[in-house]
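Student: Now for the letters of each chain:
4 protein chains.
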Amino acid sequence: MSDRKTIQEDDDVLLFLDVKRTFLTKVRIGQSFHTHRGYIHFDDLIGRTFGEKVKSSLGVDFVVFKPNILDYTRKMVHATQVIYPKDMGLIVVHSAIGQGSRVIEAGTGSGALTSILANFVGSTGRVYSYEIRPEFLEKARKNIERAGMLGRVELKNKDVALGIDEKDIDAVVLDLAAPWTIIPKAYEALKGGGTIVSFSPTIEQVVNTVEALEAEGFVGIEASECIARRIKVKRGQTRPETLMIGHTGYLTYARKAIKEA
Amino acid sequence: MSDRKTIQEDDDVLLFLDVKRTFLTKVRIGQSFHTHRGYIHFDDLIGRTFGEKVKSSLGVDFVVFKPNILDYTRKMVHATQVIYPKDMGLIVVHSAIGQGSRVIEAGTGSGALTSILANFVGSTGRVYSYEIRPEFLEKARKNIERAGMLGRVELKNKDVALGIDEKDIDAVVLDLAAPWTIIPKAYEALKGGGTIVSFSPTIEQVVNTVEALEAEGFVGIEASECIARRIKVKRGQTRPETLMIGHTGYLTYARKAIKEA
Amino acid sequence: MSDRKTIQEDDDVLLFLDVKRTFLTKVRIGQSFHTHRGYIHFDDLIGRTFGEKVKSSLGVDFVVFKPNILDYTRKMVHATQVIYPKDMGLIVVHSAIGQGSRVIEAGTGSGALTSILANFVGSTGRVYSYEIRPEFLEKARKNIERAGMLGRVELKNKDVALGIDEKDIDAVVLDLAAPWTIIPKAYEALKGGGTIVSFSPTIEQVVNTVEALEAEGFVGIEASECIARRIKVKRGQTRPETLMIGHTGYLTYARKAIKEA
Amino acid sequence: MSDRKTIQEDDDVLLFLDVKRTFLTKVRIGQSFHTHRGYIHFDDLIGRTFGEKVKSSLGVDFVVFKPNILDYTRKMVHATQVIYPKDMGLIVVHSAIGQGSRVIEAGTGSGALTSILANFVGSTGRVYSYEIRPEFLEKARKNIERAGMLGRVELKNKDVALGIDEKDIDAVVLDLAAPWTIIPKAYEALKGGGTIVSFSPTIEQVVNTVEALEAEGFVGIEASECIARRIKVKRGQTRPETLMIGHTGYLTYARKAIKEA
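Protein chains in written order, with the working numbering: chain A, 254 to 514; chain B, 254 to 514; chain C, 254 to 514; chain D, 254 to 514.
With the rest of the complex left out, here is chain A (with noise of 0.2 angstroms):
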């Protein structure tokens, strides 16, 4: 992350009215930015320090954040299932990876678990991201361009089903319809002791996956699911918030232990 605090010309920027309303775009010379709030002229940004705030021409206040990697991908278009902060927080912590981890993914969606998962092994790892179907590997291209970590990731358009290229890998994280199919491959792919996290939003998915698991020999096979509920607070009249999202889907995890020769 670069430390420079000031705003300059082609620097992305996050305006933010509150938790609902928040804008991703770029700062262009002479050019401005509409809302439903008034517009905003990008020429008054320049030289000011993110986290400030900046009227709008109907004089409503915007904070001027830096995007971060939460935002990068919360901004990222879906044409697929999302993944949300809760999922992806559990994936990143279960796979265990870190500082340089080499880590595979299939399939790549829209970059938004790519993304994070690159912002997590840093500039000496590597995120090998598997997309069979090229026009989302465009896209995804563009949105992990956008949040800075394209040069930590290599995407492939390949079906992951025909073979992992890469050796020795730390965590295998999927998102496909059919992640029990891939899991031999990713054995082969996986270094001792290696991770393995598969994201699915069906219950039959899970008891495949954990069969196909448990055939290829891998261990701390656990299967789980994150419900996340928001709290209105407010002294007086807190309570959870009356609709929620009720499940976006299961995660499975494991770990290769070698099978004896």
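Don't take every hint at face value.
Pairs involving identical chains hold if they fit within one copy or between any two copies, as the list cannot separate such chains.
What the hints assert, rightly or not - Straight line, CA to CA, 27 angstroms or less: simulated DSSO-like cross-link-like pairs of lysine-lysine:
#1 K485 with K395
#2 K306 with K438
#3 K444 with K273
#4 K279 with K392
#5 K512 with K308
#6 K395 with K308
#7 K258 with K512
#8 K306 with K273
#9 K438 with K409
#10 K258 with K306
#11 K444 with K306
#12 K487 with K273
#13 K279 with K444
#14 K438 with K487
#15 K279 with K512
Treat the hints as calculated values from the structure; they're not laboratory data.
Dock chains B, C and D against the given chain A, drawing on the hints supplied.
Tutor: Chains B, C and D only, in chain A's frame:
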């Protein structure tokens, strides 16, 4: 992470029997590790590959893993409340840290969350962890050192309510009994757009914290709870587990907007 | 419940298209019922058996049900908060009412919960329902009458905070903004061992209510929340529904212990 | 329910110490009840009012309650899976039973759900409860009799898969290992518009049951799960309980539409 794959003297190993029975120990020539399922001679491990199976004296298979960051934190003795992976994951993703991030943590506790944060900021990042109780700090130091993260952590035996020494911080992570008292200090320490994440078991702590964040001009304030359910997966008998952890704590997120002068 | 199985003039019928599209109406000779899927001639229903299918003018099948008590309550217009079946069920079971029970309810609201309580106390029981707002009471009266429960209900346009007229009551059911203010009145009205159940959306209401119950000497005080998840069941695609009702309210239970003189 | 308020010989009493420590026993002249908090002389209870406190020989206060229907079911010994109040409530409300309803239950199990159903159909209703295991049936009979509900229940030592003897039934309630095998029998027994509610611990049971209901022409098929969380309420320390029952079972609801001849 070292890429060496074979086990040597003085390596930490995780002896894995099943999900609930794992043992973290160090390889010592001439010695052995005793379990209720037989003992394992460390000499038998030398030269083996991490992830291979080894038989105990009773003929029981153990997998010998190289401990990963999650293994280390799970073995840290918890005199304080435990931070679960579900909460760790949300903290890491919502704090939006990454390689090079500078993070304030208070309090240090067992050092488990400290180690996770250190894992994700990488070798160029820094975790400044405040803890008022010296006895916790010493225990945490040992835990963090064992996890290989001490080089990225500065442990401070200081009451964070008296002030935070660092400036231009990327993220503040609070796990304190009265987090709301620290919010003004967190504001001063954070850079514009910096994130704050607070973990609290009770709803009254959340209400107090949200009010303090609002008073200090933080924006994007959200509170949520994450409920993790383990699923017992077996074809024909699949169901959530009967007994579960029903509550660990609430997480409150916010972001620093710079106040007008 | 009448045991007559064939449909006659002036019978209420529930025209069922699917779970989300049902229509409660009354059979009127010579008239028809219009839906977006065609109209249904009431004359065609006469002499048919409840539970049979009837075709609309557009050839769409509707099932003609005799409305049951749950159907009636689901069709009551809710100017106030809705009581969901999950909460109704807990109220009915924890209040431990049954045939002949005498129950206080406050407030009446739409009359939905009133009707459910009346259904379960039977023709020898009695629900005394207090409501301060006359306009709610009139609407509720119509709803309860339609559900066939008015003979078991005494509607009282009175502020329950001013006192409860009845004594030796089996159960008190509260759905009020400030239930804690009513606890002393509930104590006086209840017989020894009588139950109280209070429904409240916010956690602060629960804390206040529990304190008031403790102050009044109630025992067996418990608070809980019930989260109902609908499951989308289809072989190979089974999963909890994406969007769900995340919160309706908390239920607080207690029981009257007689204070020593 | 008898309206007598004073305690007599041979009355059942619930000795209440706290929510987790209650004792259901019968008043026997000249005898006493022993607890770890001292013994209680039954003679001291005679003539007292239900709901009053009585002191044990160690000076500890117990409240002497007249057991209600929920107390009785909670004290039934469970050789089988327990039905929790949350599930009882949903079964009672979704089956839409009431005074005079005729209900099929299979299997009887401990008789707890049988007693609850009997409580809500009143003295003019009837619960026909099928149980294949004679030893369960005898235990259940004692439980139901103690709860005062035996007059409303017909216990049948018969495999419900061999057929249901009754016709024009209002509701069928299933708590069986293979409920889907019973669906055609339930269809035959139910009147048009009659309800069916099935309780199953595993998701595969639910999928099989939903398919069987669809095949038989039932409509309004819904499956759901109810998660009950107990809240620890204490001002300043309010939070859901740490350990909770994470899963009991799924409930499947449907309604009989009469098939065309």
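Student: Classify it for me, K438 with K487: is the Cα-Cα distance of at most 27 angstroms met within a copy, between copies, both or neither?
Tutor: between (51 angstroms within a copy, 23 angstroms between copies)
Student: Is it within, between, both or neither when you check K279 against K444 at 27 angstroms Cα-Cα?
Tutor: Close across copies (21 angstroms), not inside one copy (41 angstroms); limit 27 angstroms.
Student: Treating 27 angstroms as the Cα threshold, decide for K487 and K273: within, between, both or neither.
Tutor: The answer is within: 18 angstroms in one copy meets 27 angstroms, while 33 angstroms across copies does not.
Student: Treating 27 angstroms as the Cα threshold, decide for K279 and K392: within, between, both or neither.
Tutor: Classified as within: same-chain Cα gap 18 angstroms, cross-chain 47 angstroms, threshold 27 angstroms.
Student: From the Cα coordinates, with 27 angstroms as the cut-off, is the pair K306 and K273 best called within, between, both, or neither?
Tutor: within (17 angstroms within a copy, 46 angstroms between copies)
Student: Is it within, between, both or neither when you check K444 against K306 at 27 angstroms Cα-Cα?
Tutor: Classified as between; 14 angstroms across copies, 49 angstroms inside a copy.
Student: If the cut is 27 angstroms between Cα atoms, do K395 and K308 qualify within a copy, between copies, both or neither?
Tutor: For K395 and K308, the Cα distance exceeds 27 angstroms both inside one copy (30 angstroms) and across copies (50 angstroms).
Student: Measure nothing new, just compare the shortest in-copy and cross-copy C-alpha distances for K279 and K512 to 27 angstroms and report within, between, both or neither.
Tutor: Classified as between; 23 angstroms across copies, 51 angstroms inside a copy.
Student: Given identical chains, is K258 near K306, meaning Cα to Cα at most 27 angstroms, within a copy, between copies, both, or neither?
Tutor: within (14 angstroms within a copy, 52 angstroms between copies)
Student: For the identical chains here, do K306 and K438 meet the 27 angstroms Cα criterion within one copy, between copies, both, or neither?
Tutor: Between copies, since 21 angstroms is at most 27 angstroms while 51 angstroms is not.
Student: If the cut is 27 angstroms between Cα atoms, do K258 and K512 qualify within a copy, between copies, both or neither?
Tutor: Classified as between; 15 angstroms across copies, 52 angstroms inside a copy.
Student: Please work out whether the CA atoms of K438 and K409 approach to 27 angstroms or closer within one copy, between two copies, in both situations, or in neither?
Tutor: within (16 angstroms within a copy, 46 angstroms between copies)
When held up to the earlier numbered hints, the structure conflicts with 1, 6 and fits the remainder.
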